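Start from the sequences, fold in the hints, and give me the full structure.
Protein chains: 4
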Amino acid sequence: MSDQPAAETSVDAHEAHHGYISNKAAYLARLKRIEGQARGLQKMVDEDKYCIDILTQVSAMTSALEKVALGLLDDHLSHCVREAVAVGGAEADAKIAEASAAIARLVRS
Amino acid sequence: MSDQPAAETSVDAHEAHHGYISNKAAYLARLKRIEGQARGLQKMVDEDKYCIDILTQVSAMTSALEKVALGLLDDHLSHCVREAVAVGGAEADAKIAEASAAIARLVRS
Amino acid sequence: MSDQPAAETSVDAHEAHHGYISNKAAYLARLKRIEGQARGLQKMVDEDKYCIDILTQVSAMTSALEKVALGLLDDHLSHCVREAVAVGGAEADAKIAEASAAIARLVRS
Amino acid sequence: MSDQPAAETSVDAHEAHHGYISNKAAYLARLKRIEGQARGLQKMVDEDKYCIDILTQVSAMTSALEKVALGLLDDHLSHCVREAVAVGGAEADAKIAEASAAIARLVRS
Chain A
1 MSDQPAAETS
11 VDAHEAHHGY
21 ISNKAAYLAR
31 LKRIEGQARG
41 LQKMVDEDKY
51 CIDILTQVSA
61 MTSALEKVAL
71 GLLDDHLSHC
81 VREAVAVGGA
91 EADAKIAEAS
101 AAIARLVRS
Chain B
1 MSDQPAAETS
11 VDAHEAHHGY
21 ISNKAAYLAR
31 LKRIEGQARG
41 LQKMVDEDKY
51 CIDILTQVSA
61 MTSALEKVAL
71 GLLDDHLSHC
81 VREAVAVGGA
91 EADAKIAEAS
101 AAIARLVRS
Chain C
1 MSDQPAAETS
11 VDAHEAHHGY
21 ISNKAAYLAR
31 LKRIEGQARG
41 LQKMVDEDKY
51 CIDILTQVSA
61 MTSALEKVAL
71 GLLDDHLSHC
81 VREAVAVGGA
91 EADAKIAEAS
101 AAIARLVRS
Chain D
1 MSDQPAAETS
11 VDAHEAHHGY
21 ISNKAAYLAR
31 LKRIEGQARG
41 LQKMVDEDKY
51 CIDILTQVSA
61 MTSALEKVAL
71 GLLDDHLSHC
81 VREAVAVGGA
91 EADAKIAEAS
101 AAIARLVRS
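Chains as they are written, first to last, in my numbering: chain A, 1 to 109; chain B, 1 to 109; chain C, 1 to 109; chain D, 1 to 109.
Rather than coming from a laboratory, the hints here were simulated on the basis of the structure. Keep in mind that this is a model prediction, so the values were computed, not measured. Do not rely on the hints blindly, as some may be mistaken.
Derived DSSO-like pairs (lysine-lysine); straight-line CA-CA distance at most 30 Å [unchecked claim]:
#, chain 1, residue 1, chain 2, residue 2
1, D, Lys43, C, Lys67
2, B, Lys49, A, Lys67
3, A, Lys67, A, Lys43
4, C, Lys67, B, Lys67
5, C, Lys24, C, Lys43
6, D, Lys67, B, Lys67
7, C, Lys24, D, Lys24
8, D, Lys32, C, Lys24
9, C, Lys43, C, Lys32
10, C, Lys32, D, Lys67
11, C, Lys32, D, Lys32
12, D, Lys32, C, Lys43
13, D, Lys32, D, Lys43
14, B, Lys43, A, Lys24
15, B, Lys43, A, Lys43
16, C, Lys32, C, Lys67
17, B, Lys24, A, Lys24
18, A, Lys67, C, Lys67
19, D, Lys49, D, Lys24
20, D, Lys43, A, Lys67
21, C, Lys43, D, Lys43
22, A, Lys67, B, Lys43
23, A, Lys32, A, Lys43
24, B, Lys67, B, Lys24
25, B, Lys32, A, Lys67
26, A, Lys67, B, Lys67
27, D, Lys43, C, Lys24
28, D, Lys67, C, Lys67
29, A, Lys43, B, Lys32
30, D, Lys43, D, Lys24
31, B, Lys43, A, Lys32
32, B, Lys32, B, Lys49
33, C, Lys67, D, Lys32
34, D, Lys67, D, Lys49
Quick look at which bits of chain C chain B covers, simulated, 3 or more residues with Cβ under 8 Å [unchecked claim]:
#, stretch
35, 72-85
36, 100-106
Listed below are several chain A residues computed to face chain B (Cβ distance under 7 Å; list not exhaustive) [as the list claims (entries may be wrong)]:
#, residue
37, Asn23
38, Tyr27
39, Leu28
40, Glu35
Even glycine gets a Cβ: it sits at the ideal position worked out from N, Cα and C.
Take a look at the structure:
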């Protein structure tokens, strides 16, 4: 990392060992289902379905998204943060601060 | 909708005065954007983007969904619950209990 | 209501029919327990208990508070909002807007 | 604490390097304020304050608790998890799994 500028998301440098990669197919399947839920909601609104039934679907979709987020966070701690901590120093500090900020955004969203 | 019975939620009976109907285009536009966010997330996972950047997008999508839910709830209270309360009796009790349950699901999701 | 100025919280005018009043003892007991949880957390921090155990207690306390909030909201819709809607007009509009704002604060907190 | 064994969470073994210890006074002050909020809520209920005003205080208290939780989590990652990862092996795995579970409880509460 130290000999090349870190672009905003340092994607290239880390690409080989992103934590979620082993479950990529599972994440894609869950996100595909969530995309389908978003389409289903449009259909419900378009067909004047009952508000409460639409809200129930919104809650289900929010829970599904939350599960994706918690899975990604666990993968991130288990791989990216763990590796950075093993290296130590400023990179470790930065990764932990970054993870804490992501957790705060998640808790507040 | 009119040629098929909607048993579960008595949609037909209420169709004329669903609360969100006046903002239908706005809800559809927001849900369309949310669907796009779900597709964007799949692309990010597929391209091995950095976990934290994916999480940031998940938080943004969750907030967008939350805004849709709060809008629908406000519309629901302003129209469906209000009308039921004006009629009174068991229908009013049922609508209020139903709204409270939807709020609880939303707070917990 | 119309012949007297509404102070910020209109407490006096509404005092006789606040929704939660029938369950006052139950709310007080739950809040007393929550106060005890806050004291327990101070003891845990003071005694250097393990962070994760403290976090578990914070989550339990947050859930207890959430239950109080959902109970109050249900009482509020069942009594204050319902009565305002029965009267109708601007008071009904105001009560519904106020309830929606409280729900949004709750969902976001 | 030192004269009694704390089985469940192996407090004694970790006591010397709990992450939040440097901010102990700050955490205690915040929890003391939260305890005061819990007492204030009891007073509001006891005095039949307006439900919406009580709900506003509940939301404020929930946000205060959330800040405590996010602070503890950040401290935990920066110290306990970091140290465990530096040691490596099963202890590191266990600490990361434990942190992820605490995050999930927090997000859902």
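Results for each hint:
For the proposed pair lysine 43(D) and lysine 67(C), the alpha carbon gap of about 18 Å is at most 30 Å, so the pair holds. Distance hint between lysine 49(B) and lysine 67(A) is fulfilled; the C-alpha atoms sit about 19 Å from each other, no more than 30 Å. Restraint check for lysine 67(A) and lysine 43(A): the C-alpha separation of about 24 Å stays at or below 30 Å, so the hint holds. Note on lysine 67(C) and lysine 67(B): the hinted pairing holds, with a Cα-Cα distance of about 22 Å set against a maximum of 30 Å.
Of the supplied pair hints, the one linking lysine 24(C) and lysine 43(C) holds, its CA atoms being roughly 29 Å apart against a limit of 30 Å. Between lysine 67(D) and lysine 67(B) the CA atoms are separated by roughly 23 Å; this keeps the pair inside 30 Å, and the hint holds. Restraint check for lysine 24(C) and lysine 24(D): the C-alpha separation of about 36 Å exceeds 30 Å, so the hint is violated. Note on lysine 32(D) and lysine 24(C): the hinted pairing holds, with a Cα-Cα distance of about 25 Å set against a maximum of 30 Å.
For a cut-off of 30 Å, the pair hint linking lysine 43(C) to lysine 32(C) stands: about 17 Å separates their Cα positions. Proposed proximity of lysine 32(C) and lysine 67(D) is supported: the alpha carbons are some 22 Å apart, at most 30 Å. In summary, the hint linking lysine 32(C) to lysine 32(D) is supported, as the alpha carbons are separated by about 15 Å, within the 30 Å threshold. Between lysine 32(D) and lysine 43(C) the CA atoms are separated by roughly 11 Å; this keeps the pair inside 30 Å, and the hint holds.
For the proposed pair lysine 32(D) and lysine 43(D), the alpha carbon gap of about 17 Å is at most 30 Å, so the pair holds. With a C-alpha separation of about 11 Å, the suggested pair lysine 43(B) and lysine 24(A) falls inside the 30 Å cut-off, and the hint holds. Under the criterion of a C-alpha separation no larger than 30 Å, the hint pairing lysine 43(B) with lysine 43(A) is consistent with the structure, at around 24 Å. Annotation: proposed proximity of lysine 32(C) to lysine 67(C) holds, straight-line Cα distance about 14 Å (limit 30 Å).
Between lysine 24(B) and lysine 24(A), the direct Cα distance comes to roughly 36 Å. Violation of the 30 Å bound is thereby established for this hinted pair. Proximity of lysine 67(A) to lysine 67(C) is assessed by CA-CA distance (about 23 Å); at most 30 Å being required, the pair is judged to hold. For a cut-off of 30 Å, the pair hint linking lysine 49(D) to lysine 24(D) is broken: about 35 Å separates their Cα positions. In summary, the hint linking lysine 43(D) to lysine 67(A) is not supported, as the alpha carbons are separated by about 39 Å, beyond the 30 Å threshold.
Under the criterion of a C-alpha separation no larger than 30 Å, the hint pairing lysine 43(C) with lysine 43(D) is consistent with the structure, at around 24 Å. Of the pairs offered as hints, the one joining lysine 67(A) and lysine 43(B) holds, with about 18 Å between alpha carbons and a cut-off of 30 Å not exceeded. In summary, the hint linking lysine 32(A) to lysine 43(A) is supported, as the alpha carbons are separated by about 17 Å, within the 30 Å threshold. With a C-alpha separation of about 15 Å, the suggested pairing of lysine 67(B) with lysine 24(B) holds against the 30 Å cut-off.
The straight-line distance between the Cα atoms of lysine 32(B) and lysine 67(A) is roughly 22 Å, inside the 30 Å bound, and the hint therefore holds. Among the hinted pairs, lysine 67(A) with lysine 67(B) is consistent with the structure: their alpha-carbon atoms are about 19 Å apart, no more than 30 Å. A hinted pair counts as satisfied when its Cα atoms are at most 30 Å apart, and lysine 43(D) with lysine 24(C) qualifies at roughly 11 Å. Distance check on the hinted pair: lysine 67(D) and lysine 67(C) sit about 19 Å apart at the alpha-carbon level, within 30 Å; holds.
Of the supplied pair hints, the one linking lysine 43(A) and lysine 32(B) holds, its CA atoms being roughly 11 Å apart against a limit of 30 Å. Restraint check: the Cα-Cα separation between lysine 43(D) and lysine 24(D) comes to about 29 Å, which is no more than 30 Å; the hinted pair holds. Annotation: proposed proximity of lysine 43(B) to lysine 32(A) holds, straight-line Cα distance about 11 Å (limit 30 Å). Straight-line distance between C-alpha atoms of lysine 32(B) and lysine 49(B) comes to about 23 Å, which keeps the hinted pair within the 30 Å bound.
Of the pairs offered as hints, the one joining lysine 67(C) and lysine 32(D) holds, with about 22 Å between alpha carbons and a cut-off of 30 Å not exceeded. Distance check on the hinted pair: lysine 67(D) and lysine 49(D) sit about 27 Å apart at the alpha-carbon level, within 30 Å; holds. Judged by the Cβ-Cβ criterion of 8 Å, the stretch 72-85 of chain C is covered by chain B as claimed, because 7 of its residues qualify and three suffice. Interface restraint, the stretch 100-106 of chain C with chain B: holds (4 residues with C-beta to C-beta distance below 8 Å; minimum three).
Residue-level restraint check for asparagine 23(A) is violated (minimum Cβ-Cβ distance to chain B is 9 Å; threshold 7 Å). A least Cβ separation of about 5 Å between tyrosine 27(A) and chain B falls short of the 7 Å threshold, and the interface hint therefore holds. The interface hint given for leucine 28(A) holds, since its Cβ lies 6 Å from the closest Cβ of chain B, which is under the 7 Å cut-off. Evaluation of the glutamate 35(A) hint against chain B yields a held restraint, the C-beta minimum of about 4 Å falling below 7 Å.
The structure fails to meet hints 7, 17, 19, 20, 37 from the earlier list, while all remaining hints are met.
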